[in-house]
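S.K.: With chain A's structure known, arrange chain B on it following the hints.
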Amino acid sequence: GQQVMQIPQYQHVQEGEDFTTYCNSSTTLSNIQWYKQRPGGHPVFLIQLVKSGEVKKQKRLTFQFGEAKKNSSLHITATQTTDVGTYFCAGLLNTNAGKSTFGDGTTLTVKP
Amino acid sequence: NAGVTQTPKFQVLKTGQSMTLQCAQDMNHNSMYWYRQDPGMGLRLIYYSASEGTTDKGEVPNGYNVSRLNKREFSLRLESAAPSQTSVYFCASSEGGTLTEAFFGQGTRLTVV
Numbered sequence: 001g002q003q004v005m006q007i008p009q010y011q012h013v014q015e016g017e018d019f020t021t022y023c024n025s026s027t028t029l030s031n032i033q034w035y036k037q038r039p040g041g042h043p044v045f046l047i048q049l050v051k052s053g054e055v056k057k058q059k060r061l062t063f064q065f066g067e068a069k070k071n072s073s074l075h076i077t078a079t080q081t082t083d084v085g086t087y088f089c090a091g092l093l094n095t096n097a098g099k100s101t102f103g104d105g106t107t108l109t110v111k112p
Numbered sequence: 001n002a003g004v005t006q007t008p009k010f011q012v013l014k015t016g017q018s019m020t021l022q023c024a025q026d027m028n029h030n031s032m033y034w035y036r037q038d039p040g041m042g043l044r045l046i047y048y049s050a051s052e053g054t055t056d057k058g059e060v061p062n063g064y065n066v067s068r069l070n071k072r073e074f075s076l077r078l079e080s081a082a083p084s085q086t087s088v089y090f091c092a093s094s095e096g097g098t099l100t101e102a103f104f105g106q107g108t109r110l111t112v113v
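Residue numbers (my numbering), protein chains in the order written: chain A, 1 to 112; chain B, 1 to 113.
Source of the hints: derived by calculation from the structure; they are not laboratory data. Ideal Cβ placement from N, Cα and C applies to all residues, glycine included. Treat each hint with caution, since some may be false.
What the hints assert, rightly or not - With a cut-off of at most 25 Å between alpha-carbon atoms, the simulated SDA-like pairs for lysine to any residue come out as follows:
1. A/Lys99 - B/Leu69
2. A/Lys51 - A/Lys99
3. B/Lys71 - B/Val113
4. A/Lys36 - A/Thr107
5. B/Lys57 - A/Val44
6. A/Lys99 - B/Asn70
7. B/Lys57 - A/His42
Unchecked claim - So, partial list: chain B residues that the calculated Cβ filter (under 7 Å) puts toward chain A:
8. Phe10
9. Asp38
10. Met41
11. Gly42
12. Leu43
13. Gln106
14. Gly107
15. Leu110
Stated by the list, open to error - Here are the in silico distance ranges between beta carbons for each label pair:
16. B/Ser18 - A/Val13: 26 to 34 Å
17. B/Lys9 - A/Ala68: 36 to 44 Å
18. B/Val12 - A/Thr82: 41 to 49 Å
19. A/Thr27 - B/Arg77: 27 to 35 Å
Bound conformation, chain A alone (with noise of 0.2 Å):
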């Protein structure tokens, strides 16, 4: 079954408000990366969190890594129409030789 769950599916938002989406793993991950994914483009990486309680941020958008290293999330600050797109987290498992299991990926559509 799948190991990296990213939630929620969906998201509607008004264009300047916060959008969180996140993204759970039942087992211990060495990393997490996390891609952007325009409608119809090709993944974009944003960003790669290694160490345990890891905070970044990248203007508008904040990624955190759990202590526990099991879950992960990105939240974007007052949304602009350029967010638009799906948000996917990819997670390297402890187990799993080296290869990062995607989440389903979270659909951002911003209202002007």
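M.R.: Just chain B now, kept in the frame of chain A:
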């Protein structure tokens, strides 16, 4: 600098036909991957190659074969296409396996009828 280039971009096959998806990267990366993406789902790993000369199965390898022709090229072959293989296929590469960021190609949209 082209990054990761996939060909073709679109393809329609009849059930039972075979085809090869081509992928090439110009970033001198060691690792290359093939994923498939079905509607509303994430990317599922078909095969990957940690380095030139090695390949390994991912989550969904059945019905596919791969060849790491050299460091630049990694091809995916469907020997006998089935409707269940209708999907968008992405090739990706990374410098140091899954510990480093992956760069994705533009994707191949495959329909099997």
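S.K.: For each hint, tell me whether it holds in the structure or not.
M.R.: Now for the hints, and whether the structure bears them out:
With a C-alpha separation of about 21 Å, the suggested pairing of A/Lys99 with B/Leu69 holds against the 25 Å cut-off. Annotation: proposed proximity of A/Lys51 to A/Lys99 holds, straight-line Cα distance about 18 Å (limit 25 Å). Of the pairs offered as hints, the one joining B/Lys71 and B/Val113 is violated, with about 34 Å between alpha carbons and a cut-off of 25 Å exceeded. As the CA atoms of A/Lys36 and A/Thr107 are separated by approximately 10 Å, the hinted pair is consistent with the 25 Å bound.
Distance restraint check for B/Lys57 and A/Val44: the Cα-Cα separation of roughly 23 Å lies within the 25 Å cut-off, and the hinted pair is therefore satisfied. Proximity of A/Lys99 to B/Asn70 is assessed by CA-CA distance (about 21 Å); at most 25 Å being required, the pair is judged to hold. This hinted pair checks out: B/Lys57 and A/His42 have alpha carbons roughly 22 Å apart, not beyond 25 Å. With its C-beta approaching chain A no nearer than about 12 Å, B/Phe10 sits outside the 7 Å limit, and its interface hint is violated.
A least Cβ separation of about 10 Å between B/Asp38 and chain A goes past the 7 Å threshold, and the interface hint is therefore violated. A distance limit of 7 Å between C-beta atoms decides the matter here; for B/Met41 the minimum to chain A is near 5 Å, and the interface restraint holds. Hint status for B/Gly42 relative to chain A: holds, with the closest Cβ pair at about 4 Å, below 7 Å. This hint holds: B/Leu43 has a C-beta 4 Å from the nearest C-beta of chain A, less than the 7 Å allowed.
Annotation: B/Gln106 was flagged as interfacial toward chain A, and the flag holds, the nearest CB pair being 6 Å apart, inside 7 Å. Interface restraint check for B/Gly107: the shortest CB-CB distance to chain A comes to about 5 Å, inside 7 Å, so the restraint holds. For B/Leu110, the interface hint is violated, the least distance from its beta-carbon to any beta-carbon of chain A being 15 Å, above 7 Å. Distance hint check: the CB atoms of B/Ser18 and A/Val13 are about 45 Å apart, inconsistent with the given range 26 to 34 Å.
Restraint check, B/Lys9 to A/Ala68: a C-beta distance of roughly 42 Å satisfies the suggested window 36 to 44 Å. The supplied range of 41 to 49 Å is broken by B/Val12 and A/Thr82, whose beta-carbon atoms lie about 33 Å from each other. Taking the beta carbon of each, A/Thr27 and B/Arg77 are about 32 Å apart, inside 27 to 35 Å as hinted.
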